[in-house]
Amino acid sequence: MIERKVTVTNETGLHARPAALFVQTAQRFKSKIIVKSGKKTTDAKSILGVMSLGVTRGTTITILAEGEDAREAIEALVYLVEKDLGECQE
Amino acid sequence: MRVESMEKGEKILKGIPLSPGIGIGTIYKLAEKKEAFTQIKVKSEEQIARELARLEKALAAARTELEKLTSRTRQTVGEKEAEIFRAHLLILEDPMLKERITSKIKHDKKSASWAVSEAVEEIAESFELLEEDYFRASAVDVRDIGNHLLAALEGQEERKEGIPPGSIIAAKELTPSETACFSSKVVTAIITEKGGPTGHAAIVARALGLPALSGIPGLMDRVRDGDMAIVNGTEGVVYLNPSQELVREFEEKRKRLKEQQKLLAPGGPTVTRDGRRIELAANIREPKEAEEAFRQGAEGIGLFRTEFLFINRDQPPGEEEQLEIYRKVLELMKGRPVVVRTLDIGGDKPLPYLSLPREENPFLGLRGIRLTLKYRELFKTQLKALLRASCYGNLKIMYPMVASIEEIQEARKILEEAKQEVDKWGPEEIGIMIETPAAALAADILARELYFFSIGTNDLTQYTLAVDRGNEEVTYLYDPYHPAVLRLIYNTVEAAHKYNRWVGLCGELGGEIGAAPLLVGLGLDEISMSPIFITQVKQAILDLSYEKARELALKALKASRSQEVRELLPRLWN
Chain A
1 MIERKVTVTN ETGLHARPAA LFVQTAQRFK SKIIVKSGKK TTDAKSILGV MSLGVTRGTT
61 ITILAEGEDA REAIEALVYL VEKDLGECQE
Chain B
91 MRVESMEKGE KILKGIPLSP GIGIGTIYKL AEKKEAFTQI KVKSEEQIAR ELARLEKALA
151 AARTELEKLT SRTRQTVGEK EAEIFRAHLL ILEDPMLKER ITSKIKHDKK SASWAVSEAV
211 EEIAESFELL EEDYFRASAV DVRDIGNHLL AALEGQEERK EGIPPGSIIA AKELTPSETA
271 CFSSKVVTAI ITEKGGPTGH AAIVARALGL PALSGIPGLM DRVRDGDMAI VNGTEGVVYL
331 NPSQELVREF EEKRKRLKEQ QKLLAPGGPT VTRDGRRIEL AANIREPKEA EEAFRQGAEG
391 IGLFRTEFLF INRDQPPGEE EQLEIYRKVL ELMKGRPVVV RTLDIGGDKP LPYLSLPREE
451 NPFLGLRGIR LTLKYRELFK TQLKALLRAS CYGNLKIMYP MVASIEEIQE ARKILEEAKQ
511 EVDKWGPEEI GIMIETPAAA LAADILAREL YFFSIGTNDL TQYTLAVDRG NEEVTYLYDP
571 YHPAVLRLIY NTVEAAHKYN RWVGLCGELG GEIGAAPLLV GLGLDEISMS PIFITQVKQA
631 ILDLSYEKAR ELALKALKAS RSQEVRELLP RLWN
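Here the protein sequences come in this chain order: A and B. Okay, so the first sequence: first residue is 1 according to my numbering, each after it adds one. Okay, so the second sequence: first residue is 91 according to my numbering, each after it adds one.
So that you can see chain B by itself, here it is in the shape it has in the complex (with noise of 0.2 angstroms):
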């Protein structure tokens, strides 16, 4: 990092960052809160009998504004953070907390205010007594419950109110709830004297993509409300009153960085103009694929084609082995969700521990889902494995070539044997893929049945439109943008959206930046697609309108011809 000749009135300030990113605005300083109570010491029965009244009513004002917080928090920034104030709750009503409040009236004859807050003091104390960094930093946490009950009973305003937009904030230490609150509107960064990066303030800006560092002593003297100021939370470093060139460079700086987390954000949502938010996945083939993924900024894996593990060999893969294999994927992909279909081959590829006859017609005959109902144990013996390695991480099971609501209950017969057969497994969500026609026409039927389906234009386009896409003669007939196929997307989304279940896509369509409107408009909840494709999708889905998607998708539907239909979509790319 270059030191930039600094000007009269300049200043830099140094400290830990916190969360990542640059922020530009003027420093808006949070007072410290004042303990805007008297220390009240209660006389009579009857005082403290209303003293104790009083910090009931705290109580249940203090567990609402609480449970408020978590559904809001769940809405602007995530479960995780959401579940930051779910602890809290636990806290404020922890038998603990409650008596030594109690206590303090009943015995010591304090009023109410001044009871919670030395309470709080004690607990908040011997919390940061303790060796571990991030139970040291539980002692906010204490103090933030403390801050709503004493507002509950003094009826105090808390500091959020009346921050004017592009704000920095500069305080002593923030409360996670206070930092939860912050809309990324109206702050561009935080800056504190106090807080550690394991602490759940910390925590918390860095979900809202806020710009935040700690560890400036004496902060509060050293700047003024209305300071222009530079927050570089990366490294760490404030720069006040900075030139205007100084400025210049660092809204450039800023402009490039959002640019570039927007693409390269690892798993970061992928939105519409319009707030329409589609979950961008990865084809893989094996595991290493999936580090690819992950790089790539995949959300998920949306088909991991399990077929490598059966071929080329003369035993077919044991439990162990194919554990083994799905649990490396699972946790590559640390906690997103992870599709695996099963078995998914035919005639045209010969086992040699399995004996299928010759067929005519390979690919309208014995293979996906029917040939392992048939192999009855090759098929439990992959779901045993399935279900084992579920514990490590998001999985969701995928049958292939599904046409009918019978193969799915025999194949959860087959499950429900193999869970029978293991000792604990985690949740498991089952899923088809829509590739034969009879699927996709009668998706509403089979959409009770499930949790989700996942679109393979290929081999759907293929049964579709009588094509062998392999067959030189009849090749050029292969045209997933014929309007047959689209009119049997929109089929399957709207069935499965009728019983709100999520609807994918895997086939080779979700990676054409071209379709990446028609996909969208068409309802898609999810594309998967090779990783390599990913960054141009998303950067073509970021710059749509959902809303003008939809307006397209409805147009192609109408269509005759798959001319039209390309007609109608823009030129994004060359």
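Extracted from the complex, chain A is given alone in its bound form (with noise of 0.2 angstroms):
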């Protein structure tokens, strides 16, 4: 199991558009991922589960993952909050 903590700095935090672009991500790779904030705990590629989160800008989260493509799971979802979701894409 892979683990890395990334703090959300997108202005909506991990909402709607946001959300979704983390999820698609996520559902890219075979590995389980999961997503930790506080105390809650849910499936990275259930955008219900990411979104009710209620992750706000500011928030560090933990993802973990476990898989024959764990370590480029975590790297894209890493790259992709720290790139500020929406920064350099379209």
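Take these hints with a grain of salt, some might be off.
To be verified - Part of the chain A face toward chain B, derived, beta carbon under 7 angstroms:
| # | residue |
| --- | --- |
| 1 | A20 |
| 2 | I47 |
| 3 | T56 |
No lab work stands behind these hints, which were simulated from the structure alone. Positions of the beta carbon are idealized from the N, C-alpha and C atoms, including for glycine.
Put the two chains together into one complex, using the hints given.
Set out below in structure tokens:
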């Protein structure tokens, strides 16, 4: 299991469109991926799950992945969150 | 706001403004969705299997419905609003949702509709417990999806059918799907009991330009079908059964607002009467002009001249310094396109840090792209700064004075080198100025290599008519309405469109109101001008018929002299 922490700096946190981008990215990978925020844990491939974490700007989340592409999955998701979920996207 | 003296039967309702504007019409109440299903318990394995199968079919049907809604919204409202429904699709396909529903069918032995309704409600309620406004607003999204599923399961009619024109929709709450389906031809305003300004329904209402307000408790008991009403979405007030006078007063206000909106809507679309869209952009020389451009309603920057960064100094500007400037403009324009022209300078403006030779003929000499291809490092530094800046907005890069395909290919090599030397960059679109007759005549060859053209009529006219505008002896010969120049513009447009590229115009001609019908008729996709001209040109284009403009342009192309061309143009202003 690989684990990384990352802080969400996007203005609306992990809501709607950023959450959708996050989930769509997670869904590309075969590994099981989990996101933790505070006491809550959820499947990173579930938009309802990610949205219901209620992650706001400034919150640090933990991403965990297990599986054959776990490393790539974590890297992709951390990169996405760090590049501000929209800074260098369309 | 003056409080009007109300007559008998008149009522004023106050709520939260969601979407600005004034709507006048008759109330049409959307009844609350009755849960038209019975809570059936399923007993046998067979029944459970059947309900699960029904669920699968309903999920597929709802998916199709949402996909249709997404593409329709993209066409009638906008891309951003269409994304709301793409997010809905993700929710619909969320394993968590399906698992919960399935579990209720299998283990709680509930019918599909019952299971869906409960699961949706549970999830919606958990969102409502979250603190942030926009998270709570997601509850409506979840319920919206629930509605699609239930409609698919029960074969229900959705609420939006059969609304008479001139209606003011009154409802307890509206989902984004329902709002997106309202036609502004039929619905004049929306009022609801619940629903906040950050919710998706409000976003869609604003994008549609439908006045809306909410936060009126007990609304459904306070209005009746057929009540005449005035909705002031800007201030959040509804006038029920208003007097004739009040109606007249608000009709006036509404007309005036519409006029203003047409002219001043920042970045609002410029469309001819028969639906042809032209983008109006601004030419700027430095970042602070971008603010003015934005205020004047520019939909983008069609030409950002970068020479100011390079002149009047001893050393060339560094990468960081340039990055700051480009980033500033990109951010000021808030995601609207910004076309940056790379250094366009020549022997007529000596730079101390480049040893430019004295030229007999600087305008036919080492300038524009030729100069930057020679001074590779200078060019690369600018390109690197531009690449890095592209992460902060919608950047397009344009090369000046291109005459041949080799120049474009050489520039591309340097751009690729620049990419190796930076960390990240956003999507970049490369285009060129069309200012040499060569480029205009060979536009079809060049179009394949690029994303866009922008026609620089000032230099194009000079090169085509072999006139130095600055030479008093011949300045009278400078004439952008010369049939030769028009034919080159036309050739460029046709070539670009053949390859599906967009063509703009950034010369002075673009700011001339009289030229608008001609430029529109020649098929230009974008016209960029000094910010002060935008409002007037926009008004002129709003009044045009593209069909007639096209006829006019084709006639102008057959003219034998500029006088004939000018006579074709209507006298729009003195």
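Okay, the hints, checked on the actual structure:
no.: 1; hint: A20; in the structure: holds, 5 angstroms
no.: 2; hint: I47; in the structure: holds, 4 angstroms
no.: 3; hint: T56; in the structure: holds, 6 angstroms
In this structure, none of the earlier numbered hints is contradicted; all agree with it.
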